[in-house]
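A.B. asks: Required output: the full structure, derived from the provided sequences and hints.
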Amino acid sequence: MAKLSCASCRRSATSTYQQVVPLTDRIDYLCPMTNNLAYCLAVEKLLGLEIPPKAQWMRVMMNELTRINSHLVWLGTHAMDLGAMTVFLYCFREREDILRLFEMVSGQRMMSSYFRIGGLALEPPLGFFEKVKSFADRFPGNVDEYEGLLTGNPIFLMRVKGVAHLSMEDAIAMGATGPTLRGSGVDIDLRRDAPYSGYENFKFKVPVSDGGDVWARYLCRVQELRESIGIVQQALAGMPEGPTKADAPKVVLPDREKMKTQMEALIYHFKIITEGFTVPAGEVYQAVESPRGEMGYYVVSDGTAKPYRVHMRAPSYANLQVLAKMCEGGLIADVIAAIGSIDVVVGDIDR
Amino acid sequence: MALAPAITDIEQLKSHPALARLLEWNTLAVKAAKFDRDELTLWVEKGLIREACAILRDNPPCPFNYLCDVTAVDWFPSQPRFEVVYHLLSLPKKERVRIKARLEDASPVIESVTSVWPAANYFEREVFDLFGIRFTGHPRLERILMPDNWEGHPLRKDYPVEGYR
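Respectively, the protein sequence lines represent chains D and R. Each residue of the first sequence is one higher than the one before, counting from 5 in my numbering. Each residue of the second sequence is one higher than the one before, counting from 9 in my numbering.
In short, the hints are calculated from the structure, not lab data. Check the hints yourself; a few may be wrong.
[As the list claims (entries may be wrong)] Stretch-level coverage of chain D by chain R, calculated; a stretch enters the list once three of its residues show a Cβ under 8 Å from a Cβ in chain R:
hint, segment
1, 38-47
2, 119-133
3, 170-181
4, 308-320
Since we're looking at a predicted model, the values are computed, not measured. Glycine included, each C-beta is placed from N, C-alpha and C at the ideal position.
C.D. replies: What follows is the structure, given as structure tokens:
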């Protein structure tokens, strides 16, 4: 395990740019597409690539489905840690639907690698949008169901209200991020405050709660479930037509059809697969709002076909150091609630 | 979309709140600046890093009160070998700035910024663990990702990819 601890960073420097994409899936395995997005955006910024609107909207839609997927795992396990078994089963029922959608577009349920540098790996298949629509239509009812089991549940409230308190000053100074930061009353969401991938076209609220306890963080995340499904609905309604890959033959793999009929396409395909593509020297820090908070990819290029350094700013790692502060003066039994409320993923800590 | 050329002239970048504040404080603090791909990088004198960070944090018009990240880059074999990289964010103004300090190979040591942001604690431990850069004034500078008895610092460029055998 120890050897793995910096493996992603180390491997990144010995792989070509597109070979890093599958590694990013495995860092925060509950939100693979958010990792893909952060890395692809960083490299696209280094290259100065323009991404077609359909690819951007698909990225937003998949990213929000990923957020729901991740929050469902959090909600289920958090409730189970506190003794509520039923919520877990309900959450995993809906999560299964989302994983089926992922499988439909990328062929993979979890390690999807669906976003590639320059766009998407594949066009969404026929019937995909109808499936997403039917999921998005019934999901708000499911959230009501979870809330019916937890939000008014006196046993749950006793375990979470006033537990693991974190003040706004401490949250900022200790580097808390995402719902942990918003649960302490700080109004920041990178989707709204530093829009990327076309998020400026979507309308959504940023749930903030100033309680600073496990309950406040719970409320933020549950509200986010509702906001995310709203973004998915908007993306479905306004999905633009057009290509899903940037017009950059030296970077983006050509279609299979073109490869078999055009000489240039075949040459580019061969070059990209064997050598990769070079990226102008420079450095970029691209932060995106992952389900756990600010996920930043710092990519340094020295002008060759392999990234000189890829560093991931992991939200779980940042949130983990707040845990000790939260638990000061509390009960040992409440540490369980506190860990659940910061929603850490070990793959994200131990990159 | 063609890339705009990077701006490296400090005079042209003076309007950025971070650079303006640092120059106002100490004209020798900033050694170089670069504005590239919409991101501002400032190279700060390594001896002044903690004070410079404190100045930026308490900068009233645009306080860079949130430390996103601390990491390092190893430019082996060129000199100075290491760059410690700080990413700062201003929560009220949503501005970002990247601060860098260059360190020589022989004894890579820099002052810790944990007294400015407690958030730096784990990030600096990670940099110490993987690059072997020491942070003076850090409350607990021990390995965090690798085991305590590990030899070498795995993200240095002269560390073999497969590990020492």
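A.B. asks: Confirm or reject each hint.
C.D. replies: Do the hints match the structure? See the list:
no.: 1; hint: 38-47; in the structure: violated (count 0)
no.: 2; hint: 119-133; in the structure: violated (count 0)
no.: 3; hint: 170-181; in the structure: holds (count 4)
no.: 4; hint: 308-320; in the structure: holds (count 4)
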